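Number of protein chains: 2
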Amino acid sequence: MTATPVAATLPLEVALIERLAAGLPRSPLQRNARHESDAELLQLPGSNALIALTIDGIVEEIDRGLYTDPYLVGWMTVTASASDLAAVGAAPLGILVSTVLPLDLEAENLARLRQGIGDASAASELPVLGGDTNTGGRLQTAACAVGFMPDGAPLGRRGCAPGDRLFASGPLGIGAAFAILQLGAGGPGAAPPHYQPRARLREGQLLRGVASAGMDTSDGALVTLDELMRLNGVGVRLERRVEDLLEPQALRIARSASLPPWMMLAGPHGEFELLFTVPPDRCAELMARARSLGWDPIDLGLVVAGPGLTLAPGDGGRLDTRRARDLFVETGGDVERYLSELSRLAGGVTASRIR
Amino acid sequence: MTATPVAATLPLEVALIERLAAGLPRSPLQRNARHESDAELLQLPGSNALIALTIDGIVEEIDRGLYTDPYLVGWMTVTASASDLAAVGAAPLGILVSTVLPLDLEAENLARLRQGIGDASAASELPVLGGDTNTGGRLQTAACAVGFMPDGAPLGRRGCAPGDRLFASGPLGIGAAFAILQLGAGGPGAAPPHYQPRARLREGQLLRGVASAGMDTSDGALVTLDELMRLNGVGVRLERRVEDLLEPQALRIARSASLPPWMMLAGPHGEFELLFTVPPDRCAELMARARSLGWDPIDLGLVVAGPGLTLAPGDGGRLDTRRARDLFVETGGDVERYLSELSRLAGGVTASRIR
Numbered sequence: 022m023t024a025t026p027v028a029a030t031l032p033l034e035v036a037l038i039e040r041l042a043a044g045l046p047r048s049p050l051q052r053n054a055r056h057e058s059d060a061e062l063l064q065l066p067g068s069n070a071l072i073a074l075t076i077d078g079i080v081e082e083i084d085r086g087l088y089t090d091p092y093l094v095g096w097m098t099v100t101a102s103a104s105d106l107a108a109v110g111a112a113p114l115g116i117l118v119s120t121v122l123p124l125d126l127e128a129e130n131l132a133r134l135r136q137g138i139g140d141a142s143a144a145s146e147l148p149v150l151g152g153d154t155n156t157g158g159r160l161q162t163a164a165c166a167v168g169f170m171p172d173g174a175p176l177g178r179r180g181c182a183p184g185d186r187l188f189a190s191g192p193l194g195i196g197a198a199f200a201i202l203q204l205g206a207g208g209p210g211a212a213p214p215h216y217q218p219r220a221r222l223r224e225g226q227l228l229r230g231v232a233s234a235g236m237d238t239s240d241g242a243l244v245t246l247d248e249l250m251r252l253n254g255v256g257v258r259l260e261r262r263v264e265d266l267l268e269p270q271a272l273r274i275a276r277s278a279s280l281p282p283w284m285m286l287a288g289p290h291g292e293f294e295l296l297f298t299v300p301p302d303r304c305a306e307l308m309a310r311a312r313s314l315g316w317d318p319i320d321l322g323l324v325v326a327g328p329g330l331t332l333a334p335g336d337g338g339r340l341d342t343r344r345a346r347d348l349f350v351e352t353g354g355d356v357e358r359y360l361s362e363l364s365r366l367a368g369g370v371t372a373s374r375i376r
Numbered sequence: 022m023t024a025t026p027v028a029a030t031l032p033l034e035v036a037l038i039e040r041l042a043a044g045l046p047r048s049p050l051q052r053n054a055r056h057e058s059d060a061e062l063l064q065l066p067g068s069n070a071l072i073a074l075t076i077d078g079i080v081e082e083i084d085r086g087l088y089t090d091p092y093l094v095g096w097m098t099v100t101a102s103a104s105d106l107a108a109v110g111a112a113p114l115g116i117l118v119s120t121v122l123p124l125d126l127e128a129e130n131l132a133r134l135r136q137g138i139g140d141a142s143a144a145s146e147l148p149v150l151g152g153d154t155n156t157g158g159r160l161q162t163a164a165c166a167v168g169f170m171p172d173g174a175p176l177g178r179r180g181c182a183p184g185d186r187l188f189a190s191g192p193l194g195i196g197a198a199f200a201i202l203q204l205g206a207g208g209p210g211a212a213p214p215h216y217q218p219r220a221r222l223r224e225g226q227l228l229r230g231v232a233s234a235g236m237d238t239s240d241g242a243l244v245t246l247d248e249l250m251r252l253n254g255v256g257v258r259l260e261r262r263v264e265d266l267l268e269p270q271a272l273r274i275a276r277s278a279s280l281p282p283w284m285m286l287a288g289p290h291g292e293f294e295l296l297f298t299v300p301p302d303r304c305a306e307l308m309a310r311a312r313s314l315g316w317d318p319i320d321l322g323l324v325v326a327g328p329g330l331t332l333a334p335g336d337g338g339r340l341d342t343r344r345a346r347d348l349f350v351e352t353g354g355d356v357e358r359y360l361s362e363l364s365r366l367a368g369g370v371t372a373s374r375i376r
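Residue numbers (this note's numbering), protein chains in the order written: chain C, 22 to 376; chain D, 22 to 376.
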């Protein structure tokens, strides 16, 4: 498949959304531009307060066999939306859940789905406000989460500048590692790691007024970096080796599957951490606030003027994040082919470790 | 199939939702009890203002062949959620749309889907704030609408008392008539009528402070009446013949299909009007407000102490709305069997007109 003219200017999955949303009128109360925020931000009439809204369906993850445990489906139904609230720094208010339940869904599986929803709802402080139940051929869910910002100062994807530091809210790579093993591309007999990410809601609220830009890694860290670089017209230089950024299990899985560590940063399935940028004169404030939560943000590197992602010395130099981002769509979701195409992206040391 | 113990206390589709939602903790900010409001009502922290939230999936309607035109899918995606906002009297703020698009969806059908969403968004004054796009085997949509009530006085399903008048916001029956013909149960060669309901948002806002209870007829008027009677512990006596309440096309279709007119009030596919009750001393105020919109509410009859629905003299007496409501679930969605079972519910004059 060759890149289409649209793909030349927009990432493929953004182009798909644009096909549906383009040309529709916008609300004068909406405070974010399309694709520039993880959640939609709406100013309440007669007030400076904002509500944050997000909708997210769990469909492909089930269809592709990525989520097979109904507990995980329930957990992720809530967590995916909660993470979008985290990325704008909203306080969680509640969530609505829409489900499509197969008529032959076993009672035990329904109970596990409910347990996953309930546990993530408690972990995210997002009470289930209501929902909608349909019957259908396959289990599917969608959720809409709502958050609140009384002072109307959200965190957005746009706002960073060269010189800002780039941070991750936690270790990376478990989302990709889980997907690779769950989908059987990690070699024979490899069991997937435990995957149950927590939405970084407290951390997100703490970042408001400190971070210059932020976004969650729901689609993997490379997609997030690509989007932040695209929207802000900047580049990123990692100053730490990727293996030092990875969750230990993700690194172990990369090694046992003979994959270069950076491939654990690729999407489209992520770890639901936050990537965010902080101006140099705000870094001390960030660290002070983080200590109050007992939280250790990971300093990844530097926002630079030049475009694109540069890996740390020894990790292979430049990485074409846009190309990496589009590859999953272009390979039609064939995981083996995706990993193989992805591996061609990086030359030198990295490629030599693949086989 | 016989009624289960759960069905003996709750309508079947309510019981299904309860299986998923039961036992989950509630938000202290939520102002409605479960099933007692068409939209979830959330008080904003530090304020008397409420936001109204609703989520609604369009899945079964597509799977069963009820909605085949992508324009109608798009229109109903917005309108179904908008109607829930109307039923609580909220001012519309915006809507989020989640879609599952088949990879082979033709460009023309995608354009029609978008047009339907856009037209209903404009008609309902609900700007599309954002959304989520998945790929999958079949077209599906879900939407989450948000509305606002600065003074925090919503319209709810509970609150009516014997002596209140019962009104409909407009003629009834087009939803059932459309479904019967669209699903091929209206006899050979009968083309379905045009079906494109408008959410009654302005009317709903006007009803706040006048109506004692209200609910939309998204699942048909009988379901709505059954729910209002159940929640309020009252009965309803219709004072007008059903044929005088029906949309003219719905009456024509009932006659040409040899179905009794009241069957056009059955669900599960409705006309998205509002049914609402007004205390006798507020009826003059209702009419004055309605005139300001150029709107003619239809006076259906009286809320009474005794349980159940009594049709007007000549329409066949009592009608078991609970049984009518559960029949569609019990017959597994087989439309011919549903209509046949439904027809047994009413005796006398009504039944004799079936064949």
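Everything labelled a hint here was simulated from the structure, so no lab data went into it.
Because the structure is a prediction, the values reported are computed rather than measured.
Quick reminder that beta carbons are idealized off the backbone N, C-alpha and C, glycines included.
Honestly, I wouldn't trust all of these hints.
[What the hints assert, rightly or not] Some chain D residues near chain C, calculated using beta-carbon distances under 8 Å:
{"#": "1", "residue": "48"}
{"#": "2", "residue": "153"}
{"#": "3", "residue": "157"}
{"#": "4", "residue": "160"}
{"#": "5", "residue": "214"}
{"#": "6", "residue": "326"}
Here's how the hints hold up against the structure:
1. Below 8 Å, beta-carbon pairs count as interface contacts, and residue 48(D) has one with chain C at about 4 Å; its hint therefore holds.
2. At its closest, the beta carbon of residue 153(D) sits 5 Å from a beta carbon of chain C; the interface hint therefore holds under the 8 Å criterion.
3. A hinted interface residue such as residue 157(D) counts as satisfied when its beta carbon comes closer than 8 Å to some beta carbon of chain C; here the least separation is about 5 Å, so the hint holds.
4. Interface hint status for residue 160(D): violated, as the beta-carbon distance to the closest one in chain C is roughly 12 Å, over 8 Å.
5. Nearest Cβ of chain C to the Cβ of residue 214(D): about 25 Å, over the 8 Å cut. The hint is violated.
6. Proximity of residue 326(D) to chain C is violated relative to the hint, the smallest CB-CB distance being about 31 Å (cut-off 8 Å).
Comparing the model with each numbered hint stated earlier shows that hints 4, 5 and 6 do not hold.
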